[in-house]
Structure formats: C-alpha cells, structure tokens
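Enquirer: Heads up: the protein sequence lines correspond to chains Y and U, in order. Following the working numbering, the numbering of the first sequence begins with 1 at its first residue and continues without gaps. Following the working numbering, the numbering of the second sequence begins with 1 at its first residue and continues without gaps.
Simulated from the structure, these hints should not be mistaken for laboratory data. Backbone N, C-alpha and C fix where the C-beta goes; we use that ideal spot for every residue, glycine too. Fair warning: there could be bad hints in the mix.
Stretches of chain Y that chain U covers, calculated by requiring three or more beta carbons in the stretch to come under 8 angstroms of a beta carbon on chain U [unchecked claim]:
1. 5-11
2. 18-27
3. 88-101
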Amino acid sequence: MTQNVKAADVERVAELAHLKLTPDEAGSMLHDLNAMLDYVAQLNELDTSSVAPLSQMSELEGASGRPALREDAVKPSLDRAEVMSQAPETDRAFFKVPKVIER
Amino acid sequence: MPSETSKPTTFVQKPKTFSELQEGIRSRRVKAADIARTYYERIERTNEQLNIYLSLTKDRALEQAARIDDAASKGDPLGPLSGIPVGVKDVLVVRGAPSTAGSKILKGYQPPYDATAVARLEAAGAVLLGKLNCDEFAMGSSNENSAYGPVRNPVDPERVPGGSSGGSAAAVAADLAVATLGTDTGGSIRQPASFCGVVGVLPTYGRVSRYGLIAFASSLDRVGPFAANVRDAATVLSVIAGPDASDATSSSASVADYAAESDKGAEGLRIGVPEEYFAEGLDPEVREQIEKGIAALENTGCTVKRVSLPNTRYAVPTYYLVATAEASANLARFDGVRYGHRSPSSATLSDMYSHSRDEGFGAEVKRRIMLGTYALSAGYYDAYYLKAQKVRRLLADEFLRAFADVDAIVTPTAPTPAFKLGEKTGDPLAMYLADIYTVTASLAGICGVTVPCGATKTGLPVGMQVLASHMNESTAFRVARAVEAAKV
Numbered sequence: 001m002t003q004n005v006k007a008a009d010v011e012r013v014a015e016l017a018h019l020k021l022t023p024d025e026a027g028s029m030l031h032d033l034n035a036m037l038d039y040v041a042q043l044n045e046l047d048t049s050s051v052a053p054l055s056q057m058s059e060l061e062g063a064s065g066r067p068a069l070r071e072d073a074v075k076p077s078l079d080r081a082e083v084m085s086q087a088p089e090t091d092r093a094f095f096k097v098p099k100v101i102e103r
Numbered sequence: 001m002p003s004e005t006s007k008p009t010t011f012v013q014k015p016k017t018f019s020e021l022q023e024g025i026r027s028r029r030v031k032a033a034d035i036a037r038t039y040y041e042r043i044e045r046t047n048e049q050l051n052i053y054l055s056l057t058k059d060r061a062l063e064q065a066a067r068i069d070d071a072a073s074k075g076d077p078l079g080p081l082s083g084i085p086v087g088v089k090d091v092l093v094v095r096g097a098p099s100t101a102g103s104k105i106l107k108g109y110q111p112p113y114d115a116t117a118v119a120r121l122e123a124a125g126a127v128l129l130g131k132l133n134c135d136e137f138a139m140g141s142s143n144e145n146s147a148y149g150p151v152r153n154p155v156d157p158e159r160v161p162g163g164s165s166g167g168s169a170a171a172v173a174a175d176l177a178v179a180t181l182g183t184d185t186g187g188s189i190r191q192p193a194s195f196c197g198v199v200g201v202l203p204t205y206g207r208v209s210r211y212g213l214i215a216f217a218s219s220l221d222r223v224g225p226f227a228a229n230v231r232d233a234a235t236v237l238s239v240i241a242g243p244d245a246s247d248a249t250s251s252s253a254s255v256a257d258y259a260a261e262s263d264k265g266a267e268g269l270r271i272g273v274p275e276e277y278f279a280e281g282l283d284p285e286v287r288e289q290i291e292k293g294i295a296a297l298e299n300t301g302c303t304v305k306r307v308s309l310p311n312t313r314y315a316v317p318t319y320y321l322v323a324t325a326e327a328s329a330n331l332a333r334f335d336g337v338r339y340g341h342r343s344p345s346s347a348t349l350s351d352m353y354s355h356s357r358d359e360g361f362g363a364e365v366k367r368r369i370m371l372g373t374y375a376l377s378a379g380y381y382d383a384y385y386l387k388a389q390k391v392r393r394l395l396a397d398e399f400l401r402a403f404a405d406v407d408a409i410v411t412p413t414a415p416t417p418a419f420k421l422g423e424k425t426g427d428p429l430a431m432y433l434a435d436i437y438t439v440t441a442s443l444a445g446i447c448g449v450t451v452p453c454g455a456t457k458t459g460l461p462v463g464m465q466v467l468a469s470h471m472n473e474s475t476a477f478r479v480a481r482a483v484e485a486a487k488v
C-alpha cells in the first residue's frame, strides 16, 4: 500500500471535518484512507481530458424531465416552538452555543 | 392473518396482497384497526430476535385505521393503500416520531414535519406502523453499521439482511409490514431486497421527492418501495411519485399507474445482458439462478441480446468518491446546535462541534466523512472529486447508448447471497464490493426493480436486477412481473 496520506494529513482533514479523533481512531483512519485512495487510483487509467463532469442529473439531457420549481410566494414555515423544542439549548428565540472566541 | 407455520430457524412469512387485504376492508369483513393490531402483536413477538423496528407509531396507526374503517362503513371511496400496514426506514422523518437515521447523534430527535413520501403514503390510506432499522445515515451494505444493532435476516437470522435499508427489506420478508419504504444511494434498496427475497424498486432520480429524507448524497439519494410482489410495489410507487414543490430536483414528468402497466406483459421486449456483470467474483449459484431467469424471459417472448458496459469496473471507486464528498457536506449539519446530540462539556464552540460529532457518529460514518473531506480539500479536488464526476458521465453515457438497442438490462442484483453477520465488518473495501452491480445505475440516475429469482441450494434468496432508462419504470415492472410469474 502506498502512503500518500500521512498522520499530519489525517489530523488536518479531521480538523476540517470537525471531528476530534482519538489516537486509536486516527491510526485506523490513516490505514483506511490510504487503502481507499489506492483503490480509487484506478480511475486514472481512464482518459477524461475531453469529458465534462456530471455533478447532478439535471445536467444529463432527458434524464429527469423538467424540475418542479415552486411559485415564488411566501408560505408559512415550520412552527418555531416546535423546532426549538428539539435543540440542545435555546432561549426559545435563538439557539445557544458555547462562546465562540476564547480570551 | 396467516398462521405461524414457519420452521424454527426462519421467520419468513408471505404477507397478504394489497387486493386481498382491501377486499376484506371494503366488504367490511375485516377492520383496518384489527389488521394493525395483529401486526403489532407479530412485531412484539419477533422484533427482539430480528431488531427490525426501531420505534413504533401506534397511536398514529390506530387513528388512521379508525378513519379507514369509518370511511368503509359509510361506503366512502378508499385510497389505493387503505388499511395497508407499512413501515418506513428511519432516515425518513415523521412528525413527532423518533427519527434517528440509525445514528446515536439523532437519538431522541422528534422532527417537526413529515417527509413527502410518508405523507403521500398516509394520504392514500396506508397505516404507518413504525420506523425501520438501517445502517447509520444509510451508509452500509449489511445493516451492521446501525448504532442500534444489526437487523437479522428473516431467512436465516445468522445472516445479514443487506443494507442499508435492511429493516425495510426484512420487515416485508417476515410479514411485519405489507409494504415499506427504503432509500437507495448505491444499492441500499436493491441489495437488501435481493438478500431477503422481496421486491425492491429504485425509481428514476427525481421521480420521488427527497423532502424529509435525512440526506446522505443528494445527487444519488432516492426513496423507493419494498413489497412481497411486483404489482404491490408498483402501486406504492404510483402513490409516492410525482413533483413536489419542496424538492427542486423532483421531476415534473407524468406518473403512470405502474401496477396497470405491469399487467401488460413482457412479450416483445428487448432484454440486454451485460457480460461485465457476470465476470469474476460472481457466486456460481447466483449466476445459475440469473441464467434461469434470463431463459424464462426468452420463453415469455423477450428477445435477449448481449450488451457491453466496459467501464462498469470503475463504478465502485467513482461512487465512493462522489458519495463521500456529498456526505461530508451533508453531514456538516450535525453540529450539536439545532438538533441531536451535544457534547456536555465543551468550553468553546469549536470544541463543542468536534466533541459532539466524535461522540455521535459511528466508525463508518467518520471514515466516509474523512474520505469525502479529503477528496474535496484544496489540492486534491481535481484529482479525486472532479475526476470521479467525469467518470460518472462516462458511466451514464454508456448506459444511454445501451438503451438505444434494448428496452431493459438484466443482471444479478448482488454478487453473492446474504453473507454471515461479522463476515465483512473488518474490511471496508470488501463490504463496498457488495454494491458492485448496483452503484452504476445509481450514478447514471436510471431506474430499476429487483425481483426474487429463485434461491441457492441452502435456500438463500437470489435477486435479479432489471434496469430501464430514465423515467421508464413501466418497462422495468413489466420485465420484473415476467420473472416473478416464471417462478424460477
């Protein structure tokens, strides 16, 4: 197995993904990421220099018909109290979170 | 209700058909409320062993059943699913009912709205029994990634039901629901349907609204039905399909009466068989069953011809880049702020995010978030994500070319029958290869049906995948009906 991903990369990607990995998790993640990147490397066998990327079905002609766009009109949204009741911490109007900047 | 006559090692039980149940309700010989109660008794007896339902919606079910019985007694018109007991995969939200997506991070979450597909089922008269177990955030091929424990296969409880919609497939196989909804991102309806010996439908991308589906990979995710027979699965698709103002990717294409379409027979249809789906890695007994199914289609009056899909072997790597990239973005919403788990002791917002996510997500979800984040990160985007999107177009084009010559393509649904619990959990790549025959249709956005096609010598079900071009579900149902009728 090639070692394209190093321990420092795992740390950097975990930070980007807001995951705090334990040392055990980071170790197995290093192994799994390298194994998966080795596996997907076979895509390089294909010459795609003149191929346009396909990111969603609406880009493929005739694939899913005209998308159903709604009228641009104001409609009632979800009940605020019902939504806030599911949050870990609120003051009923806003979601509350720990402080953003440490001083 | 059928009596309990199954052997001790199997929980398989054939549900009654929609028409059998509805004839009873319409003629007032049977009450929808009694049917619902009977199903709850069955669930109570077997759920501990099979772990199919994560939660029950009893009050809601009995209220709906009472409405149906009331309408029947007044002679009011009844919807196409009136009184039919259904279950839905736990990634579909139901107002006021727990919706965990098989994850610890959503434990206790009670969503404030209904998924469109669920609302349409109930508007058609279906009685929602409860929420079905699945792999966490629909990520898995064996249902072993559920934070609430694996589902066991009713055919053989030592084996997996497939995944990620394992509970949806197993519920129909064990007659703990007459029809269910699941979701399919890379094979998550088709592969478990095949493992459990039931019918599963992959609708065309955009055919069924994704509103209220807890997103995994938005360009791939589809909602679709399971049932014990093709005609009933087709009936459910007609109910849940069609445009929805709440999902901008839902299609305005007209929806057919797929059950009636499936009655038209398969005679004269041109069936393509791609050699790439019969290569190394295919279990010989699965191959034998699928070849019998193909012979049965020929006997029905179909023309069978070889087609070639040479890029098929690139589908799994393409899928795992596209799906994980989209997942890493979609799962950013689980941050301990608006719903779900929040880690109790974090001094800063940033720590709260990462601790909540580390405590809430399971190993496979983290693995996919990490791969997806890596593939999207600066310096790697072109090499991985963009490359995968280009290969995705090659794979879609290849299918479109094949469908110029044939009406449907048939393949095995999965390379093997249901495997044993624990057999593949140590090797993520081996697990991903369980989806080798299903991911290409996912990437291409086309539709399909998996239909039982006999069993191995030890009685494990084999499924045949019938694929058709975009918005051409009618053809897939006609071919699947012919395979079903042949009793391979």
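Enquirer: Now, for every hint given, state plainly whether the structure supports it.
Expert: The hints, checked one at a time:
As drawn, the region 5-11 of chain Y meets chain U at 3 residues by the rule of a beta-carbon pair under 8 angstroms; at three or more, the given contact holds. Here's how the region 18-27 of chain Y fares: 6 of its residues keep a CB closer than 8 angstroms to some CB of chain U, so the rule of at least three is met and the hint holds. Counting residues of the region 88-101 of chain Y whose beta carbon lies closer than 8 angstroms to any beta carbon of chain U gives 8, which reaches the threshold of three, so the coverage claim holds.
When each numbered hint is compared with the structure, no violation occurs for any of them.
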